[in-house]
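As you go down the protein sequences, you meet chains H and X in turn. When we follow the working numbering, the leftmost residue of the first sequence carries the number 1, and every step to the right adds one. When we follow the working numbering, the leftmost residue of the second sequence carries the number 1001, and every step to the right adds one.
Keep in mind that the hints are not guaranteed to be accurate.
As the list claims (entries may be wrong) - Lysine-lysine pairs mimicking DSS-like chemistry, simulated, CA-CA at most 30 angstroms apart:
1. LYS302/H with LYS1302/X
2. LYS1215/X with LYS1299/X
3. LYS1299/X with LYS184/H
4. LYS299/H with LYS1199/X
5. LYS299/H with LYS1299/X
6. LYS299/H with LYS1142/X
7. LYS1289/X with LYS302/H
8. LYS1195/X with LYS302/H
9. LYS1215/X with LYS302/H
10. LYS184/H with LYS1184/X
11. LYS1199/X with LYS302/H
12. LYS20/H with LYS1184/X
13. LYS302/H with LYS260/H
14. LYS1020/X with LYS187/H
15. LYS289/H with LYS1187/X
16. LYS1289/X with LYS215/H
17. LYS299/H with LYS1165/X
18. LYS215/H with LYS1299/X
19. LYS1020/X with LYS184/H
20. LYS1074/X with LYS299/H
21. LYS187/H with LYS1187/X
22. LYS1299/X with LYS165/H
23. LYS1289/X with LYS260/H
24. LYS139/H with LYS199/H
25. LYS1299/X with LYS187/H
26. LYS1187/X with LYS260/H
27. LYS299/H with LYS1215/X
28. LYS1289/X with LYS1041/X
29. LYS260/H with LYS165/H
30. LYS1299/X with LYS195/H
31. LYS74/H with LYS109/H
32. LYS289/H with LYS1184/X
33. LYS1187/X with LYS1199/X
34. LYS1260/X with LYS260/H
35. LYS1184/X with LYS1199/X
36. LYS136/H with LYS199/H
37. LYS1041/X with LYS1074/X
38. LYS215/H with LYS299/H
39. LYS1187/X with LYS1142/X
The hints are simulated quantities; they were obtained by calculation from the structure and are not laboratory data.
2 protein chains.
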Amino acid sequence: MSILVVGSVAFDAIETPFGKTDKIIGGAATYIAIVSSYFCKQVYLVSVAGGDFPASTIEDFKQRNINVDGLEIKENEKSLFWSGRYHQDMNTRDTLITELNVLAHFEPKILPVHQQADFVMLGNLSPDVQRSVLQKLQKRPKLIVMDTMNFWMEVARSSLLETLKLTDVLVINDEEARQLSSVKNLKQAAQVILKLGPKVLVIKKGEHGAMLFTKTGQFFNTPALLLDRVVDPTGAGDCFAAGFISYLSQQMYISFESMKHAVLYGNVMASFCVEEFGPNGIMHLTQDKIQERYNNLVKSIKID
Amino acid sequence: MSILVVGSVAFDAIETPFGKTDKIIGGAATYIAIVSSYFCKQVYLVSVAGGDFPASTIEDFKQRNINVDGLEIKENEKSLFWSGRYHQDMNTRDTLITELNVLAHFEPKILPVHQQADFVMLGNLSPDVQRSVLQKLQKRPKLIVMDTMNFWMEVARSSLLETLKLTDVLVINDEEARQLSSVKNLKQAAQVILKLGPKVLVIKKGEHGAMLFTKTGQFFNTPALLLDRVVDPTGAGDCFAAGFISYLSQQMYISFESMKHAVLYGNVMASFCVEEFGPNGIMHLTQDKIQERYNNLVKSIKID
Chain H
1 MSILVVGSVA FDAIETPFGK TDKIIGGAAT YIAIVSSYFC KQVYLVSVAG GDFPASTIED
61 FKQRNINVDG LEIKENEKSL FWSGRYHQDM NTRDTLITEL NVLAHFEPKI LPVHQQADFV
121 MLGNLSPDVQ RSVLQKLQKR PKLIVMDTMN FWMEVARSSL LETLKLTDVL VINDEEARQL
181 SSVKNLKQAA QVILKLGPKV LVIKKGEHGA MLFTKTGQFF NTPALLLDRV VDPTGAGDCF
241 AAGFISYLSQ QMYISFESMK HAVLYGNVMA SFCVEEFGPN GIMHLTQDKI QERYNNLVKS
301 IKID
Chain X
1001 MSILVVGSVA FDAIETPFGK TDKIIGGAAT YIAIVSSYFC KQVYLVSVAG GDFPASTIED
1061 FKQRNINVDG LEIKENEKSL FWSGRYHQDM NTRDTLITEL NVLAHFEPKI LPVHQQADFV
1121 MLGNLSPDVQ RSVLQKLQKR PKLIVMDTMN FWMEVARSSL LETLKLTDVL VINDEEARQL
1181 SSVKNLKQAA QVILKLGPKV LVIKKGEHGA MLFTKTGQFF NTPALLLDRV VDPTGAGDCF
1241 AAGFISYLSQ QMYISFESMK HAVLYGNVMA SFCVEEFGPN GIMHLTQDKI QERYNNLVKS
1301 IKID
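Next comes chain H alone, as it looks inside the complex:
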């Protein structure tokens, strides 16, 4: 099965209590495409970058078998740039700089080759742009997973609600779930959100794990991996979503049980991400490393 990944590629400058980076490669679609490439042989990246985006990164995508035909390069413009500083507990951060640049007028190019994608991952973007992708697809994909963020709930709520209606799985964090539902209690928030359209809701809780809810009342709750070292949460949510959708893309059937395992793979991929700055933690993984960590997670939560 193939995955269509739509989202940003960017430069990030990150500061956490454990250090800081200069401009490094970032963007939701970067994290999602790289993680997905460990699971899926056909990953299609749809994004936009400026002339400043490194050719070496694009080459790296290709080496990973990520199809970059949908990565538009606007030579005379600059790539998205984001800079942020995480607080001491690393659960909250301040955005220092957001320069949208090419992303300000991003119109995803859906090429004929993208029409065959069975799985669509809508990374965090304007809900208008997310929806435009779905409208360009000639057949309904097997699974549409979307991410979003508080910002869009504030400035584009009605558009977000429209996009949500077209989505199978919404993957957001606990604070986003509270804001989207206007309900503080997460159990109740989930019920409100599931009435907005998605059949499945995943609420990520960072170091505290994740919860999976379905419209039919099924529920799965898991802690995260307990790590020795956490230095930078940037991209962890993207890696989670990518682990989730790309595991499912390799399964014969999408069942509640397979979605539980997808949540665990989401946890696993996010855990690699937070151990290093930016995407460094996900650049050099192997099937063995992924499987070993997955087995450790399963062992730590399993009861007889």
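Place chain X on chain H using the hints.
Coordinates of chain X only, in the frame set by chain H:
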């Protein structure tokens, strides 16, 4: 098997974002003894109260088959009084008043009947007092579980370390684990604490569940129950510890596997507690209610 419960009985006045109480019955040993009485037919309460402690509460203990021979009443003194206010997120609180009263010079009375106790639960108390109980026991109990708090780490650290050496299982929350170990990362904190004496460490994370570590490197991690209603965390930690030890007191063997289930029962009993103010949530439980909630928790975390 029988359980010896040592700890405070008290009056509490509690304020949370969901309401406030006048002086109501509280104290670690109150919560522990009540919860334990649902699992174990022989619960021995060792505590001290003033003449103001209600006869009706003592009668209620007796109705629950809790042996109160070790509950000393000092008629001319007053019971421990604690008053606190929880912050908006209910994970932190300010202590407004602590009047130790009779607890200031508590010397637990270990009676001949207590010598037969196989399981000992040392509720949060001065580590000197906790240790004095162990020293009065003629035979080594099958399992000693202890709780403590940040206060004792600050004012009585060396005594706390002495008591820890005599303990099988330490049950504390995440912030206490960080303070006891002087290590922020919980995985590393656990390794430091297990070198201090206890064979087993349980780190409670409130709404985020609990983790079980053993000296031999075994590890279990579980989320908490997802609740519709949380109004008051007071006593939840005591109920957790009580669910843990009293479940184990009914098992033929104490294994890592049985301790996992004990952690789940700890979660279950804490979940009842937080749904009402003070001990109201644990006063009227039934075996069916406990089992139903346990089954729900297991269902929500189980993977095939």
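Quick rundown of the hints versus the structure:
no.	hint	in the structure
1	LYS302/H with LYS1302/X	holds, 7 angstroms
2	LYS1215/X with LYS1299/X	holds, 29 angstroms
3	LYS1299/X with LYS184/H	holds, 24 angstroms
4	LYS299/H with LYS1199/X	holds, 20 angstroms
5	LYS299/H with LYS1299/X	holds, 17 angstroms
6	LYS299/H with LYS1142/X	holds, 28 angstroms
7	LYS1289/X with LYS302/H	holds, 24 angstroms
8	LYS1195/X with LYS302/H	holds, 26 angstroms
9	LYS1215/X with LYS302/H	holds, 19 angstroms
10	LYS184/H with LYS1184/X	holds, 28 angstroms
11	LYS1199/X with LYS302/H	holds, 21 angstroms
12	LYS20/H with LYS1184/X	holds, 20 angstroms
13	LYS302/H with LYS260/H	holds, 13 angstroms
14	LYS1020/X with LYS187/H	holds, 24 angstroms
15	LYS289/H with LYS1187/X	holds, 20 angstroms
16	LYS1289/X with LYS215/H	holds, 26 angstroms
17	LYS299/H with LYS1165/X	holds, 29 angstroms
18	LYS215/H with LYS1299/X	holds, 17 angstroms
19	LYS1020/X with LYS184/H	holds, 20 angstroms
20	LYS1074/X with LYS299/H	violated, 51 angstroms
21	LYS187/H with LYS1187/X	holds, 28 angstroms
22	LYS1299/X with LYS165/H	holds, 29 angstroms
23	LYS1289/X with LYS260/H	holds, 27 angstroms
24	LYS139/H with LYS199/H	holds, 19 angstroms
25	LYS1299/X with LYS187/H	holds, 16 angstroms
26	LYS1187/X with LYS260/H	holds, 25 angstroms
27	LYS299/H with LYS1215/X	holds, 17 angstroms
28	LYS1289/X with LYS1041/X	holds, 18 angstroms
29	LYS260/H with LYS165/H	holds, 23 angstroms
30	LYS1299/X with LYS195/H	holds, 23 angstroms
31	LYS74/H with LYS109/H	holds, 13 angstroms
32	LYS289/H with LYS1184/X	holds, 26 angstroms
33	LYS1187/X with LYS1199/X	holds, 16 angstroms
34	LYS1260/X with LYS260/H	holds, 21 angstroms
35	LYS1184/X with LYS1199/X	holds, 21 angstroms
36	LYS136/H with LYS199/H	holds, 22 angstroms
37	LYS1041/X with LYS1074/X	holds, 27 angstroms
38	LYS215/H with LYS299/H	holds, 29 angstroms
39	LYS1187/X with LYS1142/X	holds, 27 angstroms
Violation of the numbered hints given earlier is confined to hint 20; every other hint is satisfied by the structure.
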